[in-house]
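Please put together the full structure from these sequences, using the hints given.
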Amino acid sequence: MSKTLAEGLRAAGAVEDYGLRFLDRQERPTHHPWSEVFSESERTGRALLTLGLVPGEKVALVYPTGFDFFRAFFGCQLAGLVPVPLYPPLRLGRLAEYHVRTAQMLRQAGVSLVLTDKRVKRILGESIHLASPRWGCRLLGDLPHPEGTLPPSDPGEIGLIQFSSGTTRDPKPVALSQSALIYQGRTIADAILSQWPESETFRHSGVSWLPLYHDMGLIGCVIPALLQQRDLTLL
Numbered sequence: 001m002s003k004t005l006a007e008g009l010r011a012a013g014a015v016e017d018y019g020l021r022f023l024d025r026q027e028r029p030t031h032h033p034w035s036e037v038f039s040e041s042e043r044t045g046r047a048l049l050t051l052g053l054v055p056g057e058k059v060a061l062v063y064p065t066g067f068d069f070f071r072a073f074f075g076c077q078l079a080g081l082v083p084v085p086l087y088p089p090l091r092l093g094r095l096a097e098y099h100v101r102t103a104q105m106l107r108q109a110g111v112s113l114v115l116t117d118k119r120v121k122r123i124l125g126e127s128i129h130l131a132s133p134r135w136g137c138r139l140l141g142d143l144p145h146p147e148g149t150l151p152p153s154d155p156g157e158i159g160l161i162q163f164s165s166g167t168t169r170d171p172k173p174v175a176l177s178q179s180a181l182i183y184q185g186r187t188i189a190d191a192i193l194s195q196w197p198e199s200e201t202f203r204h205s206g207v208s209w210l211p212l213y214h215d216m217g218l219i220g221c222v223i224p225a226l227l228q229q230r231d232l233t234l235l
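The working numbering numbers the first residue of the sequence shown as 1 and each following residue consecutively.
Because the hints were derived from the structure by calculation, they are not lab data. In this text the structure is predicted, and so the values were computed from the model without any measurement.
Straight-line C-alpha distance at most 16 angstroms; calculated EDC-like pairs for lysine to aspartate or glutamate:
#1 Lys121 x Asp68
#2 Lys118 x Asp68
#3 Lys172 x Asp215
#4 Lys3 x Asp154
#5 Lys121 x Asp142
#6 Lys118 x Asp142
#7 Lys3 x Glu157
As structure tokens, then:
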């Protein structure tokens, strides 16, 4: 039984039939089996260490829902780095407020590097300037050619920094251990299995429209699907 998300992904890496399915705005599906998620994440993790980061450092992930988020998130897990999912800019009319809040979260979490996609990077400049993370802001394609080996994972290590919503006060960073994330994922999966047991003709398949910087979207949907090595469709 997997004790960390890195172990869970390694176990899922042998699965070709199930994985992550993304629907675009025209509802066209793109499927990435867990084996591909593992191989791409392993490459990302080794590249992050080649860049110069060391296990335990924090990496902010500012992505819309898509495969790049998972390459970055699980790449951090495999490299022993701590992912910090943050919401991308949603309202262009409130960019000044977004930059101030994002820079504050980057500083509070002690982020060393920000990973994002090409579209979001064009907008993040002021946030990066205000927070000045050590390794700046990069695309996955900017990372060096991966070399070396990946470290073993530890259930006691921090697996994720989740920010509170900020509905009534400034968002606060909450450190979640690997063991806590695994326990929560197992609890949710066990609750589903107890209500709807699988059989030879029935296998679970999840669907989520929640953003990946949201605890229910990431912890409540993605982690149970990973641990059960089942399909998850993301809208």
